[in-house]
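K.L.:
Sequence:
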Amino acid sequence: MNKIDILIVDDHPVVIEGLKMMMKEHPIFNIIKNFTSGSEVLHCIKSNKVDIILLDVNLPDINGIELCRKIKKISSDTIVIMFSNRFERNIVMQCIQNGASGYLLKNISIEELIDCIKGAISGNIVFCKETKEIIGKPSESELNIPRLTKREKQILQLLASGKTSINIAEELFLSPLTIDTHRKNLLQKFKAKNSTELITFALQYHLIEK
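If you read the sequence shown in my numbering, its first letter stands for residue 1, the second for the next number, and so on.
Calculated directly from the structure, the hints in this document are not laboratory data. There may be inaccurate statements among the hints.
[What the hints assert, rightly or not] With a straight-line Cα cutoff of 20 Å, these simulated SDA-like cross-link-like pairs (lysine to any residue) come out:
1. Lys132 to Ile96
2. Lys132 to Phe87
3. Lys132 to Lys72
4. Lys132 to Asn107
5. Lys191 to Ser175
6. Lys72 to Asn107
7. Lys118 to Lys132
8. Lys72 to Ser37
9. Lys129 to Ile108
10. Lys118 to Ser76
11. Lys163 to Lys129
12. Lys189 to Leu148
13. Lys163 to Lys132
14. Lys24 to Ile110
15. Lys106 to Ile125
16. Lys46 to Ser75
17. Lys73 to Phe87
18. Lys3 to Val14
19. Lys163 to Ile145
20. Lys191 to Tyr205
21. Lys163 to Ser195
22. Lys153 to Lys118
[To be verified] Quick list of the computed label-pair ranges, beta carbon to beta carbon:
23. Glu170 to Lys118: 53 to 61 Å
24. Pro176 to Lys46: 43 to 51 Å
25. Pro176 to Glu133: 44 to 52 Å
26. Lys163 to Lys20: 44 to 52 Å
27. Leu187 to Ile166: 12 to 20 Å
28. Gln154 to His26: 23 to 31 Å
Remember, predicted model here, so these are calculated numbers, not experimental data. Yeah, the Cβ is synthetic: ideal placement off N, Cα and C, and Gly gets one too.
Sequences are here, hints too, so could you generate the full structure?
P.N.:
Printed below as a string of structure tokens:
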């Protein structure tokens, strides 16, 4: 197998150093760069060939999930594997939806890490044992997803697109009062404080499109 060029992005230098030391024992891995923030990563991949990026979810300057999406947009061939302490199921699923090829927890053994990297290189979506257990169980929030009528979904999608109650009323041939009533009902169903929070919850539940 040819050498695998790896870039590490983690805001804890001790994690980076630990990974570098462990991988020195495996000559097929070549750690070409490491960063403690996400700002330099996009610039780096424009001028450097990177096979694998081990990417933390929590970074000081950008959300790792959003950074993953941007990385894949610039370099679709670069494999991104999330490497995190976060174990929420919805976080794992968001990472995969944004182009990640795997999700590993930081307490993973070096043997399992190596196996997962090789699996990702072979084109597989990879998870460590603990992550597999997490994604196999529905989260509490998923078990309590609000049930919406067809009209409520329609109005929610239009709210998410930035339209006002008046705009929506005109488009659906309804009165603004009716739209406001639906909006209040939606806020109650999601237990949201305002429209921004309402839309955020709806996106998390995948009830509307971005």
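K.L.:
Against each hint, give a clear statement of whether it holds in the structure.
P.N.:
Here's how the hints hold up against the structure:
no.	hint	in the structure
1	Lys132 to Ile96	13 Å, holds
2	Lys132 to Phe87	11 Å, holds
3	Lys132 to Lys72	23 Å, violated
4	Lys132 to Asn107	14 Å, holds
5	Lys191 to Ser175	24 Å, violated
6	Lys72 to Asn107	26 Å, violated
7	Lys118 to Lys132	17 Å, holds
8	Lys72 to Ser37	17 Å, holds
9	Lys129 to Ile108	8 Å, holds
10	Lys118 to Ser76	18 Å, holds
11	Lys163 to Lys129	44 Å, violated
12	Lys189 to Leu148	9 Å, holds
13	Lys163 to Lys132	40 Å, violated
14	Lys24 to Ile110	11 Å, holds
15	Lys106 to Ile125	17 Å, holds
16	Lys46 to Ser75	8 Å, holds
17	Lys73 to Phe87	25 Å, violated
18	Lys3 to Val14	24 Å, violated
19	Lys163 to Ile145	24 Å, violated
20	Lys191 to Tyr205	14 Å, holds
21	Lys163 to Ser195	11 Å, holds
22	Lys153 to Lys118	42 Å, violated
23	Glu170 to Lys118: 53 to 61 Å	56 Å, holds
24	Pro176 to Lys46: 43 to 51 Å	48 Å, holds
25	Pro176 to Glu133: 44 to 52 Å	48 Å, holds
26	Lys163 to Lys20: 44 to 52 Å	50 Å, holds
27	Leu187 to Ile166: 12 to 20 Å	18 Å, holds
28	Gln154 to His26: 23 to 31 Å	53 Å, violated
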